[in-house]
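Novice: As given, the protein sequences belong to chains A, B and C, one line each in that order. Per our numbering: the first sequence = residues 1441 to 1549. Per our numbering: the second sequence = residues 3 to 194. Per our numbering: the third sequence = residues 62 to 1065.
Hints are not guaranteed to be accurate.
[Said to hold, decoys possible] Computed cross-link-like contacts, SDA-like style, restricted to lysine to any residue with a CA-CA straight-line distance of at most 20 Å:
#	chain 1	residue 1	chain 2	residue 2
1	A	K1467	C	E807
2	B	K44	B	Q93
3	C	K951	A	K1538
4	C	K972	C	I991
5	C	K818	B	D39
6	B	K44	B	E59
7	A	K1539	C	E807
Hints are computed from structural coordinates only; laboratory data are not their basis. Here the structure is a predicted model, which means the values were calculated and not measured.
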Amino acid sequence: MLILTCPVCGVRAEETEFHGGGEAHLKRFGPGSSEEDFQEYLFMRENPRGVHFERWRHAYGCGKWFHAARCTTTLEVFGTYPAQTLEPPKDLRAKISKKRPGWTWRSLT
Amino acid sequence: MSSPVSALGGASFSEGIARIDEVALQGMITLRGDLSDPVVQKTLKPFGDGDLPAAGEARIEADRGLAWMSPDEMLVLCPYAAAAETVAALQEALGDAHALVVDVSDARASFVVSGPQARDVLAKLCPVDFSPAAFSLGMFRRTRMAQVPAAIWPRQDGALQLICFRSQARYVFDLLSVAAQAGSEVGMHVQG
Amino acid sequence: MSTRVSTGGRLLNKNSELAFTFNGQRLTGYEGDTLASALLANDRMLVGRSFKYHRPRGVVAAGAEEPNGLVNMGQAGRFEPNQRITTTELFEGLQAESQNHWPSLEFDVGAINSKLARFLPAGFYYKMFIHPRPFWKHIYEPFIRQSAGLGRAPKARDLDTYEHYYHFCDVLVIGGGVAGLQAARRAAKSGARVTVIEQTPHWGGRAVVDGGLVDGEPVDKFVEQIVSELETMENVTLRNRMMGAGVYDHGYVLGYEQLRDHRPDMPGPRHRLWRIRAGHIVTATGAIERPLSFAGNDVPGVMLAGALRDYLVNYGVAIGQRTVVVTNNDDAYRCAFALKEAGLDVPAIVDARMHETPPAALQRAQELGITVLEGHAIASVKGGKRVEGVALCKQEGTGDPLRDIACDAVAMSGGWSPVVHLWSHCGGKLVWDADQACFRPDVDKAPTNDSGQPFVTAAGAANGHFQLADILEDADAAARAAATAAGFTVRKSKGPQALREPEAPMAPVWLMPAQADIKLRSKAWLDYQNDVKVSDIQLAAQEGFESVEHAKRYTTLGMATDQGKLSNINGLAILSDALDRPIPQTGTTTFRPPYTPISMGAIGGEARGEVFQPLRRTPMHDWHAAHGADWEPVGHWRRPYAFVREGERVKDAVNREVLNTRRNLGLLDASTLGKIIVKGPDAPKFLDMMYTNMMSTLKPGKCRYGLMCSENGFLIDDGVVARIGDDTYLCHTTTGGAERIHQHMEEWLQTEWWDWKVYVANVTEQLAQVAVVGPNARKVLEKLGGMDLSKEALGFMEWADGTIGGFDARVYRISFSGELSYEVAVPASQGLAFWEALMAAGEEFGVMPYGTECLHIMRAEKGFIMIGDETDGTVIPQDLGLHWAISKKKEDFLGKRAQERSNMTDPKRWKLVGLETLSGAVIPDGAYAIGEGKNANGQRNVIGRVTSTYYSPTLECGIAMGLVLDGPDRMGEILEFPGTEGATFKARIVDQVFYDKDGEKQNV
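Bound-form chain A, shown alone (with noise of 0.2 Å):
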């Protein structure tokens, strides 16, 4: 059972108190959008091995969403950042880089 710390409130909680909320970083496509990126928008998702942005809700503490970088196979969490960013902050990327050489997730590296 994970442990995650929320960068809104920083309590460190085991994973009951949090409910997962699926891919970050998602793009809203709305009216007049084609076809496609609505369709891509809607339904479709990365499920990597490895690297992944994740959104999770504090669900029993502060009820803040929030995003976390975690690795899918092993479980490590790379860290928490806030929910209202459109990508993953530099450092936290760079602190991949070193755990993870060469990992990529859509367009980032």
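On the provided structure of chain A, position chains B and C as indicated by the hints.
Specialist: Showing chains B and C alone in chain A's frame:
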């Protein structure tokens, strides 16, 4: 207008390893606003005795004080009878600042778990380190209590107080009574 | 003959005799006994029958690895099957009975299977019972279920209670033997919070049985001293009778504490499941001795050498008067020495090894006058229900008997396997140690935690160190690693020292004799509990089950409650041999938690009875209960389905409530409906995104019915929105939707539109809400007084604040029934008082409370949809004819883009209509309408389905709503709905509004 009643009418349990008491109605006001906004801070400070609790903290004395819920939410505690006037006072002090002030006194129930083994009773229900070193006076922890959300803080008298949703008051009371059942001593965080 | 002897018994209190019963027979033992040692002291060698062949079985081990000694324990509400007698502490009045036999343990009809064993090889059941297919369900399965299985399932409700406990420590040591204790002491001196858990009631593990000197003192004194030192340390927690059940991700460990199994008369919970989060874990879980595979190695009286020693030293029980020791290593020699010291006869040590120079142990045996037969093996064991002798042969050979030795016990040792389970649970890898013929932890491949760092260190025998001196040294190293990993500094200091004894290497012996013929191999047991023999594994290999995981499942090796603690290594060695490949290439099966079975009660913890689920109660809950409420679960809420009067059937109560509400006055507790405040300058814009309707144009003081869709376009919730002020709304949700919709709003505000100035608050529980419904609704409110609720002052779909009967109230004039209706919200703390005031004031107006079924019927009569009935996660508002509630002016709202997808605009989507049965009967819920022709699978085509169906007491007939292909264009057509058991319902497609189409009743 009849007199308001708490969820369980002041239920208590004392036949076990800790005492459980439902707290009489407590004034509780949710203030949602940017806690880093000077206007919001100035509005709240008088309720924290001139001080604002940081993340994971509360400044509570008896039935008054502040508890940090999230970066944009503070729980204001006041005497139950003063809730309406406190809401009005907060709203006035906030002026045009973007904020939401709402009385939630009746949406909650509150319990005190007391006795030397109070911490062990709660440690049966919450995934939280309740050792005195890890959970000390001034802290305020929102967490999971068995299957429902709860917020817990240590009181000056050494007991632990918690709040939960009113509709779940009976469940929480029963839960605490089961956790405090006679013969269930754990002997980990025994105080006093 | 198994007896109590005068020597030994270090764990017994011989002043305290305890009485117990086994299969109804009254026996006695001592305080400190296990059930196994007490039975053996009474010469009860036969304790059960095996699973498949019903062979007589006796105790093989002395601990958690025991495969045979499983019994039914206790009675009624304290009955529990499959209790392991080697770990069951004896208590006064214990009641046990053996399992898997009929009619009795001594005479068992099923034992015929043993004679038929030749015809019941591995995979027999798979091969035999596959044809003919229908026979499986009706003949084979019931028969097999009756004859297989071990204990009986309990029937009575469990009388005991259970609980969880969340614990946090820096270093968790699992296992309280010398390695665990030494590691704990060393780690604790760094200041780390250390917890030691030990599954037995005693500290010191095997070392205290096997003896030895630590720093010149006997090892039991060393254990005593280290335990008392640990007890005084404030940062150390010592818990025994607590097993490390499983190691999980990020340092999470389950500890299974058995609080009352040894004193069931005491109050308090029986088991406590510790949910431990440790910075670092030391697994000091010891090792398990392996049986040797020879014919008849399952005859009662054949026991692991270490276990035989345990019974002698710990419990003062001699398993036999004449014991033959058979071994491939030096360790089992200790057994012969201990027996000799106790004055018992050891006719021979059968050592499968050939020694060029006699090792120290052999020399000592000879000094004691024990015959040592090198290069020998047991060809077969004589005896059925107990050992009568052994036939010996050469280890190298096919098993030609050389001579017989009469004996009544056999002590066997095939070497030791480290207990690597807890190391392996969370991904720790193993290496094959060829010298000791065992798998041990690969220190470079430990399980890793959230930082990617190793979080488990094995210590002592669990790490492949079997000599006391090595164990103590390894424990020190493990403690250093653990404390350092947890962020503490361990000062260097000299650890306790033990003498390193000279030892001859063990020799791997997987089959005895090495070229045993098929007759012997078919009697050489690997898995005692599941009756798997050497020949079965060989057959599996021959039939192509080359993967160890496949061979396991085909033969059931290691699949019993002991999970193959004794059998796995022997089994995979046989498999490797059969496939002619090295053991590491075969590998082990996966180690999964729990280490030994734990009670279901412990897993459930406190969650049973009243606190099984967090039931939610409205402020009026107790009133409802006192007035005949028949409850309906709605989410975790309990809502009255109907208020049933004395002598009344539930459906009659429902009909009465409908008619009374339509004619007079009904009250509904609507407190469970979600109430969410949305406030801020961007609130109008935000709600325009949340709802399909335009909410920004709603005027303060007014209400509007709104629909919410997911981004997929599907309808997820509905409810009435009231505009409280320019920047404030109150949104009602469904009962089940309150938390969900609150979170839905928060999610979009936090993760998509975080720059919008909107705050939301869920005030559902702050308010009690009562729907006051019926022609007399206004009268009762006016009687209580305080507000002008006239048609002019408060029109339909308007709200107002005020007081009613002295209660602070917010009144919404909205209707879900078609009647004149007010929903009144008051503070929850006064909800009950308000409800009672309405009941009292309403008496003269014919007031009756009504429940959710009445609510459902009235809304169906009016053709209103219900989330969860008309919607199922695949329905869009357009399907329900709700176009009027979907704004065409808005550029965007959640679901808008999805509703433009081709599948959503397909004219062939089923649409909502009303259905009126020709006979007046009620169509079954969920029934499908059948159309012309058949589909590709030969089934009748379906053209619609029923979404809501009720008996309408108002119209005195069955009414329904359903989604039908081209429904709105087929008004008047008759559809056919097959019901169950051949019944068919014919129904006419009609408008879904069955009652008061013009809305005159609410418009008064």
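Novice: Decide, hint by hint, whether the structure agrees.
Specialist: Hint-by-hint comparison with the structure:
1. A:K1467 / C:E807: Cα-Cα ~18 Å, so holds.
2. B:K44 / B:Q93: 12 Å, holds
3. C:K951 / A:K1538: The given pair, whose Cα atoms are some 48 Å apart, is violated under the 20 Å limit.
4. C:K972 / C:I991: 15 Å, holds
5. C:K818 / B:D39: 14 Å, holds
6. B:K44 / B:E59: Roughly 18 Å between the alpha carbons, so the hint for B:K44 and B:E59 holds.
7. A:K1539 / C:E807: 34 Å, violated
Violated hints for the displayed structure, listed by number in ascending order: 3 and 7.
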